[in-house]
Amino acid sequence: MNFVDEYDVIVVGAGHAGCEAAYAASTMGLETCLITIHLETIAQMSCNPAIGGLAKGHLVREIDALGGIMGLLADETGIQFRLLNRSRGGAVQAPRAQSDKALYRLTMKNWLEKVPNLTLFQGVVTEILIKDKKVQGVKTLEGNRLLSKAVILTPGTFLNGLIHIGLHSYSAGRANEPASHELSENLKQLGLKSFRLKTGTPMRLHEQTIDWSRFTAQPGDKKPVPFSFRTQKDLKNQILCHIGYTNQKTHEVIKKNLDKSPLYSGKITGVGPRYCPSIEDKVVKFPHHQRHQFFLEPEGLETAEIYVNGISSSLPLEAQMEILKSIPGLDQAKILRPAYGIEYDAVAPTQLNHSLEAKNIKNLFLAGQINGTSGYEEAAAQGLMAGINASLRIKGRKHFILGRNEAYIGVLIDDLISKGVEEPYRLFTSRAEYRLLLRIDNADKRLTQYGYKYGLINEKDYEAYQKKQERIEKAMHFLQKERIIADNKEKLRLKDLLKKPEVKFKNVVEYKKFNGFLTDEEIRHVESEVKYEGYLKKQEKEIARIKKIEGEKIPENTNFRKIPGLTREVMEKLEEIRPQTIGEAKKIPGITPAAAMNLHIYLGIQKRKSEKGEMFHVKH
Amino acid sequence: MLEDTIIAISTPLGYGGLGIVRLSGKKSLPIAKKMFKPKKSKAQIPPRQPILGNLYHFEQKEFFEEAYLTYLPSPHTYTREDVVEISCHGSPVILEEVVRLGIKAGARHAKPGEFTLRAFLSGRIDILQAEAINDIIQAPSYKQVKISFSQLEGSLSQKIASLRSQIILLLSQVEASIEFPEEGLRISAKQISKKMEKAIHDLKKLVESYDLGKTLSEGLTLAITGRKNVGKSTLFNSLLQKERAIVTPYPGTTRDYLCDKLNVNSSIFTLIDMAGLGSPLHLAEKEGIKRGKILASQADGVLLMLDASQGESTEDFKLIEKFKNKKTILLFNKIDLPQKINKKNVKSRAESLPALEISALKGTNLEKLKETIYEFFVPQQKQAEEVILHLRQKLLLEDILDCLIDGLRLLKEGHSEEIYAEEIRKTIPLIGQLTGEIRTDDIIENIFSRFCVGK
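These protein sequence lines are chains A and B, in that order.
Residue numbers for the first sequence follow the numbering used here, beginning at 59 and rising by one.
Residue numbers for the second sequence follow the numbering used here, beginning at 2 and rising by one.
Please note: incorrect hints may appear among the correct ones.
Capping the alpha-carbon separation at 20 angstroms, the derived lysine to aspartate or glutamate pairs in DMTMM-like fashion look like this [what the hints assert, rightly or not]:
hint : chain 1 : residue 1 : chain 2 : residue 2
1    : A       : Lys558    : A       : Glu600
2    : A       : Lys595    : B       : Asp407
3    : A       : Lys340    : B       : Glu183
4    : B       : Lys413    : A       : Glu265
5    : A       : Lys558    : B       : Asp400
6    : B       : Lys427    : A       : Glu591
7    : B       : Lys427    : A       : Glu600
8    : A       : Lys343    : B       : Glu184
9    : A       : Lys558    : B       : Asp407
10   : A       : Lys620    : B       : Asp5
11   : A       : Lys557    : B       : Glu414
12   : A       : Lys280    : B       : Glu183
13   : A       : Lys599    : B       : Asp400
14   : A       : Lys595    : B       : Asp403
15   : A       : Lys553    : A       : Glu528
16   : A       : Lys281    : B       : Glu183
17   : B       : Lys105    : B       : Glu60
18   : A       : Lys340    : B       : Glu184
19   : A       : Lys557    : B       : Asp407
20   : A       : Lys606    : A       : Glu630
21   : B       : Lys105    : B       : Glu66
22   : B       : Lys427    : A       : Glu491
23   : B       : Lys27     : B       : Asp5
24   : A       : Lys503    : A       : Glu528
25   : A       : Lys251    : A       : Glu627
26   : A       : Lys596    : B       : Asp403
27   : B       : Lys191    : A       : Glu560
28   : A       : Lys596    : B       : Asp407
29   : A       : Lys562    : B       : Glu414
30   : A       : Lys251    : A       : Glu480
31   : B       : Lys27     : A       : Glu627
32   : B       : Lys205    : B       : Asp400
33   : B       : Lys413    : A       : Glu560
34   : B       : Lys427    : A       : Glu598
35   : B       : Lys27     : A       : Glu630
36   : A       : Lys553    : B       : Glu414
37   : B       : Lys199    : B       : Glu66
38   : A       : Lys596    : B       : Asp400
39   : A       : Lys392    : A       : Glu363
Rather than coming from a laboratory, the hints here were simulated on the basis of the structure.
Produce the complete structure using the sequences and hints provided.
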């Protein structure tokens, strides 16, 4: 008889998605088990040693505002901090930090080990146990059965992972870590359609074999901005990154070796990300570029490994070495780990509900790379939402879905569920309809209520949040009420003064004293609120209009088959589920925005007709 | 896609040599078969081939009319559904009976524009094309039909698609520099403002072409005005080539105004004849003068007539003063009589206006007048420039234009990229509305309520 244990929630995979999911579920009071192939690689940063950036930094802030851990951990283990786009407005500023990879891993493990209700377990899950289309638990390689009410799958690139270096390939989930074949096969049997994706990672070099004098140093910010609203400690920059460029010689080497590229020889069939192309792709697709930029980023304080950001490749090792030889400063560099490409199975996310639960299997949640995304932050955001939703499900509470107007997390998940993915999905700020609204400086204002409601934000932090809102309110009131005399002798509200593009809050308080205190973070928030005011007001109206449409009631006797322009599939879905409002109809997977609009138009016409006293249905 | 089959007469109402009744929907053929029997009895009706036969009145159990039936199977039809067309004599009585029988046999009377609605909903045509079809149906002039055809082929759609890609390119450059601040993709404000200016320029040209579109689709109104008894009604009749207005030698004959369509080089004008201006003799005339003044001031253009057989009067000068800033053609009428007017003196008061000497009575120079009307009032389009036929399109283009103008202003005032990017982003759904990719309720309802039955 094999070992059997029982939990509320089992999380399969301890990457960035899995850790957030397990943390959220256990913090919400559920007995949780986090299973990983290898306990040493919990929260491993498989690729670049950095967290954040545009849209990604936004996600981390949102995760933090909801009570997730990525932000706190990134601050704790960061070794260089920068706020990107400082010269632009608040909506497109985002934090980015270089992390000490080993420290990140260790700290995450250490933190999770201390979380009540959470059990870490080393094992390879080979099967999801299902009964009557509902999750029962999982089975491991050794035949152990772990039972649970819900399972959250976060296997990253491990499903049928296949590593390519040159024309050589081998099965792995990450370099030299075993891939998961049984689980992939099992998911197919459960009726989940999968497809192949591809990504890659660059080579790691030994820092003492690099001639650093040939590169431009890129320091961190003088005043680092933390990810987390809850971080108290002073952040310190401890390393430098460096910028370099490839050259014509490099490009010649790459072109010469293309026949040995698994990508160009047709060996790799999976689709790679366009926004993070391999160096081969860059050279082939942009033949006019004289050079391509790359960054040299230290992987940590206790290691000599340097990550070459921008030269991801799946060329053979000899070619990789030849590439380095062509670049002054790297010509003597020693490769510690070769670059490689990896293909893996992803599950088409259109098979999930907005709560990240599989449509056809109750209580099975999927998060992270398995849903076709790329990036630690995208994974963590989904992990958190899956963790919250699995917990809510077990507690019998209503699911938690964020709107596109509420959070980047909402944009991310809605894109996945309603549009599906064709290449590894990365979030961009331009994917958000309400970009000026979804900012790092108001993530807490948008989301902390939810985190508190679900028990992920504690009383102390919530109190701090409320105090902060009071300070901000006071400042907004000050800007609204106080006036100065402008050059043209007219009275000018401070707020209108601050609206001018070149004016900052600190300039405003030179005219009138402000009897309050604001942190730099809060000042950025106030500036954004004022400078974007016109747009924010308009967007609020737009959001209210959409909400009104979504709240529109669908009469019970509606014959969905009579609605013009709907596909059979959509009609059947509507007939089956019979949504009561347009908003509910929109949430039904497979109902496109166009179909929802058709429904809305049809209802409008019917309403007008019945008001005119005409027949509701057309006679035959 | 739709469960029921619709039927309607698809040729214009009234007597014609030929009339067509059209069915669309799954049951088109079975319904048609109930009321049509082929002359040569065939097991199956071949697709896309007119079949000669007789219309069968299944209520009275008799044949009543010879007809052709054409069966067009889905999906290569206008609505992408099965379509049957029955052509027979164009008598409204027969056509309406065919429709009535079709309804008895299971079809439903098509609602206004429903065939086109189905074509649109099935993805067969985009909104611009749908509007163009409406233009063909309702085109008042041959020229407009030609424009409609070229629009139907998607040339305006293409123009807008190119505008769309221009704006998308612009936006993607701005976005890339925002999203990838570390990768040296920064594009200078100067470069962006240059691109915006180019897009604004192209848009303005498209918006301007709307004026030409209006001429062709709605027709301009031309008011004939002048003092009493200068020959306005005579000119009205001569231009229309029919005795439309009552003409007498007595001043003040015309009391109320008259309207009729005038066709010049396939462009349609609404010509208005009205009471002559001057001191009225009766109350009715007074009212007529009042209305005439309003009409003349509201008209798109004015034909201001003077009596060349009489000396110019202060009233003439007053009228010239009043209309010289409007699109006005000066007409010296009655050149068949001895001339008393000092044309030089008159013209000196309205140097910018075209002037013509005519005799409305004898028909002298009327062809010349028509040419002048055409040249003066119909804006001449440069080749390959698009004509925008609809107010909706114009308004959308203007909205897009406004966004870009605002964006350019914000850029020049020194606002940050994400702010003016917001203005450019706003244009994307607007362009979508132009090409019909984004379907919003008011547009669709508005378009399809304007369609006449059966295409």
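Structure-based check of each hint:
1. A:Lys558 <-> A:Glu600: With Cα atoms ~25 angstroms apart, Lys558 of chain A and Glu600 of chain A exceed 20 angstroms; violated.
2. A:Lys595 <-> B:Asp407: holds (17 angstroms)
3. A:Lys340 <-> B:Glu183: holds (17 angstroms)
4. B:Lys413 <-> A:Glu265: Measuring from Cα to Cα gives roughly 46 angstroms; hence the hint is violated.
5. A:Lys558 <-> B:Asp400: violated (25 angstroms)
6. B:Lys427 <-> A:Glu591: holds (17 angstroms)
7. B:Lys427 <-> A:Glu600: holds (12 angstroms)
8. A:Lys343 <-> B:Glu184: Distance ~17 angstroms between Lys343 of chain A and Glu184 of chain B Cα, so the pair holds.
9. A:Lys558 <-> B:Asp407: It holds: about 15 angstroms lies between the C-alpha atoms, which stays within 20 angstroms.
10. A:Lys620 <-> B:Asp5: holds (9 angstroms)
11. A:Lys557 <-> B:Glu414: Holds, because 12 angstroms separates the two Cα atoms, which is no more than 20 angstroms.
12. A:Lys280 <-> B:Glu183: holds (18 angstroms)
13. A:Lys599 <-> B:Asp400: holds (18 angstroms)
14. A:Lys595 <-> B:Asp403: Holds. Lys595 of chain A to Asp403 of chain B sits at ~19 angstroms (cutoff 20 angstroms).
15. A:Lys553 <-> A:Glu528: holds (18 angstroms)
16. A:Lys281 <-> B:Glu183: Roughly 19 angstroms separates the two Cα atoms, so the pair holds.
17. B:Lys105 <-> B:Glu60: holds (9 angstroms)
18. A:Lys340 <-> B:Glu184: holds (13 angstroms)
19. A:Lys557 <-> B:Asp407: Cα-Cα ~16 angstroms, so holds.
20. A:Lys606 <-> A:Glu630: Roughly 25 angstroms separates the two Cα atoms, so the pair is violated.
21. B:Lys105 <-> B:Glu66: holds (18 angstroms)
22. B:Lys427 <-> A:Glu491: Holds, at about 10 angstroms.
23. B:Lys27 <-> B:Asp5: This hinted pair holds, its Cα atoms lying about 7 angstroms apart.
24. A:Lys503 <-> A:Glu528: Status holds; Cα separation ~12 angstroms.
25. A:Lys251 <-> A:Glu627: Holds, at about 18 angstroms.
26. A:Lys596 <-> B:Asp403: Roughly 16 angstroms separates the two Cα atoms, so the pair holds.
27. B:Lys191 <-> A:Glu560: holds (18 angstroms)
28. A:Lys596 <-> B:Asp407: The given pair, whose Cα atoms are some 15 angstroms apart, holds under the 20 angstroms limit.
29. A:Lys562 <-> B:Glu414: holds (16 angstroms)
30. A:Lys251 <-> A:Glu480: holds (13 angstroms)
31. B:Lys27 <-> A:Glu627: Holds. Lys27 of chain B to Glu627 of chain A sits at ~18 angstroms (cutoff 20 angstroms).
32. B:Lys205 <-> B:Asp400: Holds, at roughly 11 angstroms.
33. B:Lys413 <-> A:Glu560: holds (13 angstroms)
34. B:Lys427 <-> A:Glu598: holds (15 angstroms)
35. B:Lys27 <-> A:Glu630: At roughly 19 angstroms apart (the allowed maximum being 20 angstroms), Glu630 of chain A and Lys27 of chain B satisfy the hint.
36. A:Lys553 <-> B:Glu414: It holds: about 18 angstroms lies between the C-alpha atoms, which stays within 20 angstroms.
37. B:Lys199 <-> B:Glu66: The given pair, whose Cα atoms are some 62 angstroms apart, is violated under the 20 angstroms limit.
38. A:Lys596 <-> B:Asp400: Judged against 20 angstroms, a Cα distance of about 16 angstroms means the pair holds.
39. A:Lys392 <-> A:Glu363: Within the cut-off at roughly 10 angstroms; holds.
Violated hints for the displayed structure, listed by number in ascending order: 1, 4, 5, 20, 37.
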